[in-house]
Amino acid sequence: MEYEPIKTQLDTINTKIKELYEEAKDLKKIRDDANEKVKEFKETREAINTDVKNRIEEIRELKQKRAGLLEEFKMMKLTKTQIAEKIEQLEMQLETSATDMDKEQALAAQIQSYQELYKRASELEKLNEVIKEMSDSISILVNESSEEHKKVLENARTSAEKHQELLLAYNEINELKTKASELHEQLKNLKLQEISQDTTE
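So the sequence shown is numbered by full-length UniProt numbering: it starts at 1 and just counts up by one.
Calculated directly from the structure, the hints in this document are not laboratory data.
We put the beta carbon where it would ideally sit given N, CA and C, even for glycine.
Mixed in with the good hints, there may be bad ones.
As the list claims (entries may be wrong) - Below, a list of computed lysine-lysine pairs in the DSS-like style, where the Cα atoms sit at most 25 Å apart:
1. Lys-119 x Lys-65
2. Lys-177 x Lys-7
3. Lys-28 x Lys-151
4. Lys-28 x Lys-162
5. Lys-7 x Lys-191
6. Lys-191 x Lys-37
7. Lys-29 x Lys-74
8. Lys-126 x Lys-28
9. Lys-80 x Lys-126
10. Lys-16 x Lys-162
11. Lys-177 x Lys-29
Said to hold, decoys possible - Restraint-style ranges between C-beta atoms, simulated for each label pair:
12. Gln-193 x Leu-153: 57 to 63 Å
13. Asp-102 x Met-134: 57 to 63 Å
14. His-149 x Lys-177: 37 to 43 Å
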């Protein structure tokens, strides 16, 4: 076997090994970057999910409060508009009718009672708005969490793919190193044969 073809083959293998090491380095960087992104997106997703849980708990408490107010108004069979009309009617009555002090005080007490009811009806209205706004914001957050989850999956897939490619590159490197070792051994033997032939001549 001649020295030059083996040397050329060994050089080709060594060049390929060098290229594979570069490729492996790139694959490792892509894999590690993807793993870092997975971690970041998971943290963001978890923060959003925690926020969602807290808001759901707040809504639950607000709904309990609202349920109590609704029950109160259901028993009275009055709406906010009816309460406002009643207040207006009682105030008109207080201003226009000539009544004694006791009746005036009774009317004033009634007005005050209806004004309290009106405040509670306004509170109920405000609670409904807040609950709706919070429910809408939860929907938005759930969508954001879903997007973060997709990013986690995409990057986890990239990481797994690059890891597999990296393993294949390392396997190929190992096979080429074994082949290079064999060729190196052949070259060494050829060199030794050459030396022994030179000394015998």
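**Report entry** List of violated hint numbers, smallest to largest
**Finding:** Numbers 6, 7, 8 and 13, in rising order.
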